[in-house]
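K.L.:
Chains as they are written, first to last, in the numbering used here: chain S, 1 to 260; chain C, 1 to 306.
Watch out, some of these pointers could steer you wrong.
Stated by the list, open to error - Short derived list, chain S residues pointing at chain C, Cβ under 8 Å:
id, residue
1, L58
2, R89
3, A91
4, P108
5, G119
6, Q122
7, M171
As the list claims (entries may be wrong) - Ranges of calculated distance between the beta carbons of each label pair, as one might list FRET restraints:
id, chain 1, residue 1, chain 2, residue 2, range
8, C, R106, S, R103, 20 to 28 Å
9, C, T39, S, S156, 42 to 50 Å
10, C, F287, S, V78, 51 to 59 Å
11, S, R13, C, V113, 40 to 48 Å
What the hints assert, rightly or not - Computed list of chain C residues with no C-beta within reach of chain S, every gap over 12 Å:
id, residue
12, R25
13, I38
14, T39
15, L43
16, L45
17, Q49
18, V58
19, A63
20, A66
21, V113
22, P164
23, R185
24, L202
25, R212
26, P224
27, Y292
Keep in mind that the hints were calculated from the coordinates and are not lab data. Every residue gets a Cβ at the ideal spot worked out from N, C-alpha and C, and that includes glycine.
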Amino acid sequence: MHGMANVPAVEMRDVHKFYSDFHALRGVNLTISKGDVCVAIGPSGSGKSTLLRCINQLEVISAGRIFLDGELQGYREVDGRFHTLSPSRVANQRRRTGMVFQRFNLFPHMTALENVVEGPIQVKGVPRSEARERALALLERVGLHGLGSRYPNQLSGGQQQRVAIARTLAMEPQVMLFDEPTSALDPELVGEVLDVIKDLAQSGMTMMLVTHEIGFAREVADDLVFMDHGLIVEGGKPQDVLNSPARGAKPGAFLSKVLA
Amino acid sequence: MSEQGPASTATHPPGVVDGPIRVVRNDVVPPRYIGRWITTLVLLLVAVQAAHGLIGNVHFHWAVFAEHVFSPQVLRGVWWTLLLTVAAMALAVPLAMVLVVMGESRNPLLKAVALGFFNVSATTEIYTQLVFWGLFALLFPRLSISIPFGPELIGVDSRLLVTPAVAAVVGLGFNESAYLTEIFRAGFRAIDRGQTEAAQALGMSARKIWLRILLPQAMRTIIPPTSNETIGMLKMTSLVLAVPFTLDLMFATSAIANRLFLPVPLLMVAAAWYLFITSVLMVGQYFLERHYGRGHDLIVSKGGPM
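All chains, please: the whole structure from these sequences, using the hints.
P.N.:
Set out below in structure tokens:
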């Protein structure tokens, strides 16, 4: 392992992503230190979600390098050439990250508890009884005590998203990725999910979060990046990015819309 | 639903529900279904007429029907028809699963093989295929694994391997697998892409994603048309005459009919058995659908969560 404390949890170097002709990421550089919470904001189509999906290789990058804990993702670099890793090696690298999706993506044919134990049992080979015990504790932690036997369609959106968070936590990831975790929720259910995420942030989990909840971003972010047209156009402490009308018209125009 | 107050454990007077607020339910009079009564009456008349026309009809020779419906020859036919159906489906279902995975594979060679198999099986008709499998032992007298243009490593006489029963099962199964492939593919395609992504994000291997995440969800949409195909297969077994395979229900009943010069009662024997087996299959379908509908049809499992 690359256990040195000064190695960043996530490091992106000049990352580009093309969808055929569309240049979705145009040279992104980003570093997230261990224990930090990085929040990405910006207009729709600016590349926030793509960026997040590149970190756990749901998207294959077109150029650049992504390191997690110092390890190059997706490739082995030999003499300047990138040798594609085997699917099982990629699956192994993905275990370092956990992802929470906008639309939850719970497995509908499994109960909440079965959703949470699936990864530990099938991927990590944890004994069933042990996985079950841990899953029950995680469900309790996200405020879903006693709802383990419910199927996803018997749960509200906010409850489903909290099961999804528990499912991700069960894999004990080093970095958690949240892709607009509250965008599909009814307004009154947003708070319960944000509370769980805030709690995680305070527990020292390294996280990257894509969101439209600016107030929440200001509250939890150690670093805030503003993206537009596939680039990070602003980055730094949240108060600096959010309260800097002098620097660049883009964030100002966007923020006046979302805060209005 | 109404809120129940703590004191409202006693039975309610009709129309009135006790609770924090007193609610008087609307006094609802259901509509009169006069049309329903008329249809019932008409259908009843038709049914009595039909029953009378069948039971009292000498041309149906019900005595002959009764004599043969449980005769050993017919029962053996039922047994073989069931066996052919089960064996052909047992061959077709896994084969179709493999073909679907091959078709969705990134390996172009596997994709081409799957497409080629589908084209040959689905575009030639079943009777020809059954005749071909019946003639297999004549066309290829010896099946062997050998070094190309070199000596033979292992070999076997085709007549021992491809017996009429095997030819019937292989012919029916291969043909069926082509149709099942399309049904299965539709089932897998209908699953949201987010399911695969969520499983990938957990670090699951491609094999586990297919088996644990995609297959159980696809089953829900796959089962009704596949059950339909199974029932179709039951009836398609009557074509194994083309092999020729001569032990199935249809062949057995027509053989008796030809001997007696009485086709109608023996056709009724065959029809009664097909009807009975199909009904049994449909009961099985119901339970399968219920099992794979969990999480969708709001069935609360009786046992614990695991």
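K.L.:
Which numbered conditions among the earlier hints are violated in the structure presented, ordered from lowest to highest?
P.N.:
2, 24, 25, 27
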